[in-house]
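Visitor: These are the residues of each chain, in order.
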Amino acid sequence: MSNETPVLELRSLEKYFDTSSGLFDAVKNRILGDGPSYVRAVDGVNMKLEQNQVQGVIGESGCGKTTLLRTLIGLYNPTGGELLFHGRPVSEFDKDEWKEFRRHVQIIFQDPFNSLDPKFSVRRTLAEPLEIHNMEYDDERIAEMLESVGLTPPEKYLTRFPNQLSGGEKQRVAIARALITEPDIILADEPASMLDVSTQAEILNLLNKLTDEFGVSMVYISHDLSTVSYICDTINVMYLGRVVEEAPTRTLLAEPKHPYTKALIQSIPIPDPHYDRKRPDLDGEPGDPINMPEGCRFKNRCPKRMDICDRKPLDIALEGEDDHTVACHLYYDHDEVEGDQPEPTADPASSATSAGDAA
Amino acid sequence: MSEPILEFEDVDITYRTTGDSDVHAVNSASFAIEEHDYFGLVGESGCGKSTLADSIVGGLDDNGEVTSGKIRYKGEEIQDYSESEFNKKIRWKEISVIPQSSMNSLDPVMKLSDQAIEMAKYHTDLTKAEAVDRLRELFDVVGISESRIHDYPHQFSGGMQQRTIIAFSLFLQPSLIIADEPTTALDVIMQDQILDYINDLKDDWDISMLMITHDISIVFENCDSMAVMHGGQMAETGRVVDLFDRPRHPYAILLQNAFPDVRFPDRELAVIDGHPPQLLDDPDYCTFADRCPWAVEDCRRGAPDPQEIEGDADHRAWCIRADEMEDLAADHLAPATGETSILEEDT
Amino acid sequence: MSRLRYFVRRTFITAFLIFLVASALFLFFRLMPGDYTALLTQQGMQPDQIARLEAKWGLNEPMHIQYVSYVTNLLTADAGQSFRHGAPVWDLVKPRIINSFILVAPAITATYIIGGTLGAVIGKYRGGLFEKSSIISVSVFHSIPDFFLGILLIAAFSETAGIFPTSGMLSTRTSILMQGEPFYAKFFLKEFWMHYALPFATITLYFMQYPALIMRNSVVEVSDQEFLHYHRLKGLPQSKLLQKLIRHASLPVITLYPISLATSISGLVLIEVVFNWPGIGRLLVDSVLARDFPVIQFVFLVAAVWVILGNFVVDLLYGVIDPRVSVEGDGE
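Residue numbers (our numbering), protein chains in the order written: chain A, 1 to 359; chain B, 360 to 706; chain C, 707 to 1038.
No lab work stands behind these hints: they were computed from the structure. These figures come from a predicted structure and were not determined experimentally. Honestly, I wouldn't trust all of these hints.
As the list claims (entries may be wrong) - Okay, derived cross-link-like pairs now, EDC-like style, lysine to aspartate or glutamate, Cα gap no bigger than 20 angstroms in a straight line:
| no. | chain 1 | residue 1 | chain 2 | residue 2 |
| --- | --- | --- | --- | --- |
| 1 | C | LYS946 | B | ASP371 |
| 2 | A | LYS209 | B | GLU393 |
| 3 | A | LYS156 | A | ASP138 |
| 4 | B | LYS487 | B | GLU477 |
| 5 | B | LYS487 | B | ASP466 |
| 6 | B | LYS561 | A | ASP138 |
| 7 | C | LYS946 | B | ASP466 |
| 8 | B | LYS452 | B | ASP563 |
| 9 | A | LYS209 | B | ASP555 |
| 10 | C | LYS946 | B | ASP473 |
| 11 | A | LYS299 | B | ASP546 |
| 12 | A | LYS278 | B | ASP583 |
| 13 | A | LYS156 | B | ASP649 |
| 14 | C | LYS830 | C | GLU927 |
| 15 | A | LYS278 | B | ASP632 |
| 16 | C | LYS946 | B | GLU442 |
| 17 | A | LYS278 | B | ASP484 |
| 18 | C | LYS946 | B | GLU477 |
| 19 | A | LYS262 | B | ASP555 |
| 20 | B | LYS470 | C | GLU932 |
| 21 | B | LYS561 | B | ASP499 |
| 22 | C | LYS830 | B | GLU442 |
| 23 | C | LYS830 | B | GLU444 |
| 24 | C | LYS830 | B | GLU627 |
| 25 | C | LYS946 | B | ASP421 |
| 26 | B | LYS429 | B | ASP371 |
| 27 | A | LYS156 | B | ASP632 |
| 28 | C | LYS946 | B | ASP546 |
| 29 | B | LYS448 | B | GLU477 |
| 30 | A | LYS262 | B | ASP546 |
| 31 | B | LYS429 | B | GLU393 |
| 32 | C | LYS946 | B | ASP484 |
| 33 | B | LYS470 | C | GLU760 |
| 34 | A | LYS209 | B | GLU627 |
| 35 | A | LYS278 | B | ASP499 |
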């Protein structure tokens, strides 16, 4: 594969959910002339995942990061935009290509306690994906994989069942299961968040090591910026369906631009009693995905709100920094930029077609 | 120094099981919380910290029991109190609780105002209207619109439910609040706001707090004193700054290093191998010995006694090698040297 | 108020469902092979007689006209005339509905009170012999087909012990005497209650499993709920805690009650046949044997309305006792 084509590319990816429930709403909407109301869970997300790159997506619960992940793995059909795998749009995939896609894109879930089949031994857990994808294997291959994820000696683990494993060991098995089909991409849904601190470090270190060793790319979603920073090359900050800032990890932590990113970083407790952390100046509750404000979705909580924030901010690369983009009116001169339209209001049906154009 | 508000002295807590062996969840726990102190209790899941908290308010399950040792609240022994004694003397008037899962702790079929009226009914002479007024004031304190006191819990978001729980915990102006993982289920920004409210209580309401958490950074930021627990045993206790500057129990040392610090994303995280033992016997050994890089034969011969650190009676480590740790763990004790924080305002 | 909106919405849906069922019944009965007149032909009627009858009953009208008059007639409780008795269907069915209802409603109610209490007790004090034997007994009673359970009871208490009469609602002599009296007059007779005992016991035993097992699981589940623990830590007295436990644990059982009441109608057919109880179940069987289509069609409609109304009551009940259902969350 060429170096120019990203392994995975998202172009204005959208996933909307229809919130009307059943016949009654449908009839009511018909009578009253309302369109269906949407939850814009993922709303125009752009991302390029290069080979062997780890991209983090971070945001509060309800920001759409889980929906994004499920759309990436093909569990949801995107309602708009395009998802390209090695440069090819997945919407054009036929059945065999989908199967191939599923072999190359693997997922590690948040909850190791429920993501392993309790009736499957470790051996069978790892053999199953190989059988599904008709890949040759023997016990040696499975044993090697167990060693790679640090379950040694592998013979000890092969015949065990999930209830005989600790949380950390379960998550290692889940990682082994994801890697055994030699995927290009791993999607990780906060794989360390349900584990104890001591084990959490173990899993983070392991993921770091394995992405290098196996040369896979990874999308890692989390709500916890402090763990994400240990593992990701680039971080996307997501707020109510949109990516508001993207930058390499260090840049993002050291020079956050978007007021939301700043608040996120300032909110992280620091394990040092001598350190006097400045708490963020932020009001309100996390945004409600059902009644989102027009324009910038963060404006109601933003300490720097301006009049212009009623318009949708453009996703702008910062001057002199190609890899640092931010969607905030503070960071660009509005006279010079074309196409800065106020977002269509009130009519969700029409914004369903136009949202994301600005990007 | 005056008498501590809460004192644990060699407390053992056991759960009877239907099997052969009982679970010894907490073994010889000793620590003291001073008046007007915020005390953090840190440990991994299953270390006994929640059991310990439950024992203070008589909240142990039916098969749980304080089998030996003394729990003193304001000087009075409470470990053998009956359910009605706890109701009369301790619960809510003296000690209130911010439980672990706020999302599931509010009665789903009762309006919040009715839940307040109920609290008032069993503990005070307040009329219904007065109880509702009281809740209205407290909603104001925790930053929820007063117009929402007649709502049902499910109409509130997670953060608002957590703040309601804080308001409830203040309802009878207790002296001590036990906060069991008060922010685990919340996002960072909400967690920060909640901790901010909790911090303000200390002076505004003259409250002492026992804060139980797995997140050592929350304790470092918000508490005055702390204890670290591992596998049902105490590891180390003392002032927060002392435990940060001079930790002397191996678990306390490693735990600090296992914690991600957003200021230093390049620092390697410490890994603590293995897991705590199942406490099916009365542990006459250090429960950390199997995970400890510095364990010696003697660690498995008898549960460790507390060692005073550098003659400080408040700072104690339950490790027979506590005196040597400064040298043994030298690599782990100065992690931040030579590193600079990458955060914006620090540079 | 969103709660009012919820109720209005459920009412609307219920009415719509009943209309739908009524229409479907009309359609299905017309689609059945062999139309109404085929039966009359079989009985040896001459074509001109049949034509006269068809004109009288409106059967020669176009289908949609028939449908409209069917629906409008239903609204005035006019379901046509029985082929067999010549009497209006409604007059035939009404006393049968009452007879069925006085049997099934108290029986199911008793089932829920006894079964719920039993379930609460075994849920609260788990792990004993009492729990095991209770679970086994209620399961056994439910595994036996209900009509067979009835036969067993008849064999034991009527044939062998001779305590209760085997069948009917009243003895033939008494029912002749009672003719013309209002339906509740018989409640004052011991004889009625003796007849009542066995079918009542059959239904009660047969349906005991649902409330008992669900209440047991519910009590176990609610006991572990955080909010109960929180109530305890808040210092509420034991009696209050128990009250709350029962209230929360009862929720699923209460909502199951109208469902059982509704679904019991299917079991009722056979129980009424076994005990010769003059309810709609037996009327249905008799009418099917006699090919009395207007009656069958209406009894089907009554059964469907019974089930739909049962579910409607569940929805309303749930809306009242659990605000999460009817009061929308704002979730800011």
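Visitor: Go through the numbered hints given earlier and state which of them the structure violates, listing their numbers in rising order.
Guide: Checked against the structure, the hints that fail are numbers 1, 2, 6, 9, 15, 17, 23, 24, 28, 33 and 35, while the rest are satisfied.
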